[in-house]
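Position chains B and C against the provided structure of chain A, taking the given hints into account.
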Amino acid sequence: MWHQTEITLSAKSRGFHLVTEEILKQVPEIKNFELGLANLFIQHTSASLTINENADPTVRKDFEASFNQVFAENEPFYKHTLEGSDDMPAHLKSSVLGCSLNIPITNGRLNLGTWQGIYFCEHRNYATARSLIITLNGE
Amino acid sequence: MWHQTEITLSAKSRGFHLVTEEILKQVPEIKNFELGLANLFIQHTSASLTINENADPTVRKDFEASFNQVFAENEPFYKHTLEGSDDMPAHLKSSVLGCSLNIPITNGRLNLGTWQGIYFCEHRNYATARSLIITLNGE
Amino acid sequence: MWHQTEITLSAKSRGFHLVTEEILKQVPEIKNFELGLANLFIQHTSASLTINENADPTVRKDFEASFNQVFAENEPFYKHTLEGSDDMPAHLKSSVLGCSLNIPITNGRLNLGTWQGIYFCEHRNYATARSLIITLNGE
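Residue numbers (the numbering used here), protein chains in the order written: chain A, 1 to 139; chain B, 1 to 139; chain C, 1 to 139.
The set of hints was computed from the structure by calculation and includes no laboratory data. All values derive from a computational prediction rather than experimental measurement.
Distance condition first, Cα-Cα at most 30 Å in a straight line; then the derived BS3-like pairs of lysine-lysine:
# : chain 1 : residue 1 : chain 2 : residue 2
1 : C       : Lys-25    : C       : Lys-61
2 : A       : Lys-12    : A       : Lys-79
3 : C       : Lys-79    : B       : Lys-12
4 : A       : Lys-12    : B       : Lys-79
5 : B       : Lys-25    : B       : Lys-61
6 : C       : Lys-12    : B       : Lys-61
7 : C       : Lys-61    : A       : Lys-79
8 : B       : Lys-12    : A       : Lys-61
9 : A       : Lys-61    : B       : Lys-79
Covered by chain A, per the in silico footprint, the following chain B stretches (three or more residues, Cβ under 8 Å):
#  : segment
10 : 43-50
11 : 74-80
12 : 88-94
13 : 98-108
14 : 127-135
Glycine included, C-beta positions come from ideal geometry on N, C-alpha and C.
The following block holds chain A by itself, in its conformation from the complex (with noise of 0.2 Å):
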């Protein structure tokens, strides 16, 4: 049984979101999954998606004050620089977290550990609203 569908994540400051409820709320379909994967994957390549810490706010803050300092703005060595200083870090954070994600389905829902939430990370200063693609696939 195959279920896919796009949704939309609404704009978001620069900086990593708990956005678990946003992307549940609109893919009521796993609850028709006994047993099976969701693939999550956005299409862009200045955003990202990982799974963290789900309850204590400064984990997120704590992230982006990490990104910004091992993947920084205005290296010397940068050469993509006509979109702006924050668009090449954008990049370089987008494929170290990634776009695409896999959570198994049991019972009808995403299979999370109890501490476990979905990140949105927002790479760009000014950001517009995202799309995913949500793929859901099992019995």
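Just chains B and C now, with coordinates in the frame of chain A:
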């Protein structure tokens, strides 16, 4: 054809561990799949899964040293510090390496390259057993 | 419906290469899938796959420069050094970017965003052809 099971990896010291055999012996059902995909999903936010070199143990030591350098403890900008200096770097490393692996199945076996093995990456100083959801899909 | 095949990417220089077309022309069977998922799995531990910007070649140059800075050669703590100074950083980069990509299929095509392309990332100085397992699943 689907098969899904929850398995446990025994508690391990902080670092990178080759666990291909520990996982495979808990999922003998792989042999029933002529062709398909295996998803390995770790239900935690301070440990991760990756695939890398299965021969020389110094590779795993160097992973630990490099990740400790790039995502260091005690960064002055960390706000999420209550759970110990190893905690926030553990969350970062978990997202950079990922909690979900997809591996092709061919003729009843994981179709890994000659030098590929599955690494379990424990990022906390003191950890307990870790839970994985294994989902097999194929024919 | 399943289709699995092993394909080869020709040997490439160290760096990041846009290979969407080189891959697609080896998997014409994608057109038979109205809806599904494609898994691309590279069977090596010193090369990787990622998705990023498909237009400006300087993005790929900046990826190489940035990854060379963050996961540098000749770190004093490296123990795995017998295969050359590019070897251990290659293993690190491979795990950070990943060896396995999952991309939705919609109406017989990979459902990539407008600016997304598939990057093959060669992390060794002297490489040979690289082997990928492509697994298509859908209806």
